[in-house]
Structures are given as structure tokens and as C-alpha cells.
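Participant: Assemble chain W onto chain H, guided by the hints.
2 protein chains.
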Amino acid sequence: MSKEAFFISHFGSKHIGDDGAVVGNYVYSKDLFCEDIHFKRAWMSLEQIAQKSMLVNLSDAIAMNAKPCYALIGVVLPKQFSHAQLTELARGFEAMAKRYGVEIIGGDTTAGEKMMISITIVSTLQGKALERKNAKVGDLVAYTGKLGHSYKGLTRLLRGGSLSKKTRFIRPTLKANFVYKSAKYLSSGMDISDGLSKDLSRLLKESGNVGLHVKKKLPKRLLCSGEEYEMLFSFNPRHKQGILRIAQQTRTKINIIGHVARKRYRCVCKEHHF
Amino acid sequence: MSKEAFFISHFGSKHIGDDGAVVGNYVYSKDLFCEDIHFKRAWMSLEQIAQKSMLVNLSDAIAMNAKPCYALIGVVLPKQFSHAQLTELARGFEAMAKRYGVEIIGGDTTAGEKMMISITIVSTLQGKALERKNAKVGDLVAYTGKLGHSYKGLTRLLRGGSLSKKTRFIRPTLKANFVYKSAKYLSSGMDISDGLSKDLSRLLKESGNVGLHVKKKLPKRLLCSGEEYEMLFSFNPRHKQGILRIAQQTRTKINIIGHVARKRYRCVCKEHHF
Numbered sequence: 001m002s003k004e005a006f007f008i009s010h011f012g013s014k015h016i017g018d019d020g021a022v023v024g025n026y027v028y029s030k031d032l033f034c035e036d037i038h039f040k041r042a043w044m045s046l047e048q049i050a051q052k053s054m055l056v057n058l059s060d061a062i063a064m065n066a067k068p069c070y071a072l073i074g075v076v077l078p079k080q081f082s083h084a085q086l087t088e089l090a091r092g093f094e095a096m097a098k099r100y101g102v103e104i105i106g107g108d109t110t111a112g113e114k115m116m117i118s119i120t121i122v123s124t125l126q127g128k129a130l131e132r133k134n135a136k137v138g139d140l141v142a143y144t145g146k147l148g149h150s151y152k153g154l155t156r157l158l159r160g161g162s163l164s165k166k167t168r169f170i171r172p173t174l175k176a177n178f179v180y181k182s183a184k185y186l187s188s189g190m191d192i193s194d195g196l197s198k199d200l201s202r203l204l205k206e207s208g209n210v211g212l213h214v215k216k217k218l219p220k221r222l223l224c225s226g227e228e229y230e231m232l233f234s235f236n237p238r239h240k241q242g243i244l245r246i247a248q249q250t251r252t253k254i255n256i257i258g259h260v261a262r263k264r265y266r267c268v269c270k271e272h273h274f
Numbered sequence: 001m002s003k004e005a006f007f008i009s010h011f012g013s014k015h016i017g018d019d020g021a022v023v024g025n026y027v028y029s030k031d032l033f034c035e036d037i038h039f040k041r042a043w044m045s046l047e048q049i050a051q052k053s054m055l056v057n058l059s060d061a062i063a064m065n066a067k068p069c070y071a072l073i074g075v076v077l078p079k080q081f082s083h084a085q086l087t088e089l090a091r092g093f094e095a096m097a098k099r100y101g102v103e104i105i106g107g108d109t110t111a112g113e114k115m116m117i118s119i120t121i122v123s124t125l126q127g128k129a130l131e132r133k134n135a136k137v138g139d140l141v142a143y144t145g146k147l148g149h150s151y152k153g154l155t156r157l158l159r160g161g162s163l164s165k166k167t168r169f170i171r172p173t174l175k176a177n178f179v180y181k182s183a184k185y186l187s188s189g190m191d192i193s194d195g196l197s198k199d200l201s202r203l204l205k206e207s208g209n210v211g212l213h214v215k216k217k218l219p220k221r222l223l224c225s226g227e228e229y230e231m232l233f234s235f236n237p238r239h240k241q242g243i244l245r246i247a248q249q250t251r252t253k254i255n256i257i258g259h260v261a262r263k264r265y266r267c268v269c270k271e272h273h274f
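Residue numbers (our numbering), protein chains in the order written: chain H, 1 to 274; chain W, 1 to 274.
Only true hints are included.
With a Cα cut of at most 30 Å, we get these calculated DSBU-like pairs of lysine-lysine:
1) W:LYS98 <-> H:LYS133
2) H:LYS67 <-> W:LYS14
3) H:LYS40 <-> W:LYS79
4) W:LYS216 <-> W:LYS184
5) H:LYS205 <-> W:LYS79
6) W:LYS40 <-> H:LYS114
7) W:LYS114 <-> H:LYS3
8) H:LYS3 <-> W:LYS79
9) W:LYS205 <-> H:LYS79
10) H:LYS114 <-> W:LYS270
11) W:LYS152 <-> H:LYS79
12) H:LYS198 <-> W:LYS79
13) W:LYS198 <-> H:LYS114
14) H:LYS98 <-> W:LYS133
15) H:LYS3 <-> W:LYS165
16) H:LYS270 <-> W:LYS79
17) H:LYS79 <-> W:LYS40
18) H:LYS152 <-> W:LYS79
19) H:LYS79 <-> W:LYS270
20) H:LYS114 <-> W:LYS114
21) W:LYS128 <-> H:LYS67
What the simulated footprint calls covered on chain W by chain H, stretch by stretch (three residues with Cβ under 8 Å from a Cβ of chain H suffice, anywhere in the stretch; the number is not a length):
22) 21-31
23) 75-89
24) 98-107
25) 111-125
Derived by calculation from the structure, the hints in this document are not laboratory data.
Note that beta-carbon positions come from the ideal geometry of N, C-alpha and C, so glycine has one too.
Chain H on its own, in the form it takes in the complex:
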């Protein structure tokens, strides 16, 4: 068990275990975005850092089939930040909030050596909550979009290279329309934040320690690429045509990778705390 899982295991709430906590018609999600853990200042502008931190959090809400409404933003910022830098950061938050129809209703700032952004998103369910736990044996398993770009971007940055503004690593594309339209046909779903293999192992574990029968073996550069924010989901094969139709309508690429089986699934990637 990871230290995170150990720490969280102390809280006996039934709401814990998904991308967000469902309470009535609301979903609450919260993620930390920390300098030198999730990003380096040299990699991205302050505006991009603010945008990505918002996207990462909005992704959690959308992955639960919820529409983000409000955001609370807590930031730890270096004392020497100028007013121009603060404006740039605020502009990044505001731009993403506006794009997704979210109102920033509060927050807190404090001084610190390293930047840290903690965002809480309040969202309203758009129908049933899309959770990790209901994948059934026989269900098809799929993900949206293309995987691997984020890892490629990260590798480039770690080697001292730079990325264009629109790359996946800097600005992931969320699949809100696809999720909202297809959620009623899906048995389980989550966003891919730690890599397809790692997140798949979580989904299958939450669904009663089931496994996956793969159609075709996928390469590690795809299985272990984190921070993709594509959707991973499962569905009963009878909904396949309906889901493919929605994918077409919303211009979403769908990749079916196999079906849920009894054999236990093991993550193929190394644990990394980069």
C-alpha cells in the first residue's frame, strides 16, 4: 500500500475512492499541484501553470459526470512575486474558469519558497455519477484520444528541451461532451492521471478485484504515460454502437483495449513519485 493509500485509509468515509466525492447532487474534488513535484517553473509560464492546475481539477469533476460550477483556489507563492506575475497567474485561472463556466468564489494565498496550488471544485451531477467501482466481467474497456504524448513531453522537458504551448503536457484536452452524453451507457469511468495501466489497476480493483483480457498488448510508453487526462471507462457490449455514435458526434477517438475478466490485473509501470 502506498503512503497516500495508507493515510487515506484512516478516514472511513464511503465518499472516498473516486476522483471526487458525491454528496447528493454535488461532487466535490480537490487536487494539489506542486512545484518540483508536478511541474517545474522553467517548463511553463505562470499562466500555463495556472491553466494546467485548473484543468487537472476540472478533469476530476468531468470524469465523475459532473459539471464544474465553482472553484476555490489556495496558492502558496514566493514572496518576491511581482504584481505582474500575480496578474499572469490570476489570468490563467480566470481563462480556464471562464472556458468551463466556472466561478472562482474564494481561496487563500500565503507566502512560501515553492509554488503550490490547491483547487477545490464544486460540481453538479449531470445524471448518474460515473464511478470506478461498477465494471462487470464481460464489459468492454476503452479509453479516449491518444496516449503517450504527455510522457513524450515530460521526457523532453526532463532532458532540458521545451514544448509548444498546445502540447498535451501543457494543456490537456478534456472530454466533457463525450462524458456527459455517454455516462448513462458506462458502467465505470475515471480520468487517466497516473497512466493507463496504473489507473486501470485502480478501476479494476475498485470493481471487486477483477482483471482485464487484453485484445492486443500495448507498449509501455503508452501504458505508463501519466497526466493524460483522457477518459478510461467500461461498458456493457450491448451499448457499443450507442457509444461509438456519441464518440462520432463529439469527435472523440475511442480505443477498445479488451474486456473485463476474472483474472487479477497488475500494473506494469514502475511506481514513480517524480
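Facilitator: Just chain W now, kept in the frame of chain H:
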């Protein structure tokens, strides 16, 4: 304008400006609690750190006349933390959550050099929201409890001393019962987190740049003692007897310090970012 105020001024939401954001019947509040900014590890046990970080956040909700229901906890923790340390920390969160009837519904953990705790509290209003902005000229201004102990405790810690478990600095007492019963009689209110004088200047500014006519000059050690988490509030003099009765019922000491006047109020304390 402080950098915090400047940063926050970029977000044009009507919800910003109080201890929490009121949306319908809900109040959302979020505060950061950071190592070497708000606390030093040597000063308190991990359990006490967790407890105080919860109390600071619960105080915001209570100060708005709202009952805390759910908490989301984000923590940045040093990698070398042992399982025993994680348990101690979790125990602190759980103890305070239980005492105030709050369910911890989610959160996030990440590794970092310094501890940082970011808590979001979801609460439900117990009647009208108690805001900062409605103090009227002629209203009486008062605070609960005794002030100065927190500053005394902090000074002792900064000089290398230690504090008993029950001191105000380690475990502030929140005035929930008094607030819930008296809120209908109060014109404005907030908790004292940055010191009576600083917080009073905020309340009077939000109420239309009004001022204070003091009954008696108060000493700085009392005016500038932060992290007290006592309540500061104003009320029409006709409610004085009703409020004193509730104070007696709830065993809350009330100190009337003057009344709202037209002359602008200035904070007497030095800005400190300790």
C-alpha cells in the same frame, strides 16, 4: 494593497470577501496551513498540527453562521514520514472532524519538503449568513472571550519555550453555540484570525469604510494578537440584552469595545508575515 488582496482582486466574484463563500444554503471555505509560515514542527505534535489546521478552517464556517458538514483535506508531507506519523496526523484530523460532526469525504496527498495542509469545508447556513459588510453607524462592536493569549504563546515559542496542550495557540476554542444562537441579532461578524485590530479594520472597510468610536483604548498585545479564533461582531444596541442573555446561556464572555462611527478606522498593528 497587500499582494494577497491584489491577487484576489482579479477574480470578480461577488462571493469573495468573507471567511467563506455563500452559495445558496451552502458555505464553502478554504484555508492553507503551512509549515514555517503558520506553524513550526518543533512547536506542536503532528496530531496537534492536524487539529489546529481543522479548527482554523471550522472557525471560518462557524463565523459565517454555518454548520460544517464535510471536509476535503489536501496535504503535502515529507517523503520520510513513517506510517506511525501518518497515523498520528490522520488521528488529529479525525478527532476534530468527529467533535464538530464533520465527515472527511476526500482529499489528496503529495510529497514535499515542508508540510502544507489545505482544507476545504462545506457547511450549511443555520439562518442568515453572518457577513462582514453590514455593520451600521451606531451599532455596538464586541468580541468574545479573552484576547492576547495566542500572541503570548507565540512569543514564548519563538523564544524557544514550549506550551501546554490546552493553550489557545495550540487549541483555540470556537464559539459555535454563541454564533448559531445570536446570529439573527448581529449585523456583521467574522473570526479573529489576524488580530482584533486588523480584522476590525477589514470588517469596518467592508461595511462601507466606517470607523469605530472606542469606549476605552486597548493595549497592543491584545489588539494585535492573531490566531485567536474568537468572534468579532456588531449589533444594533436594541439587541444588547438579547445578546447578553445568549452569552450567559452559552457561557461566552462578551467584551463591548465601542460603537461604529463615521470616522475611518486604521489598524494599529504592524503588517507581519511570520
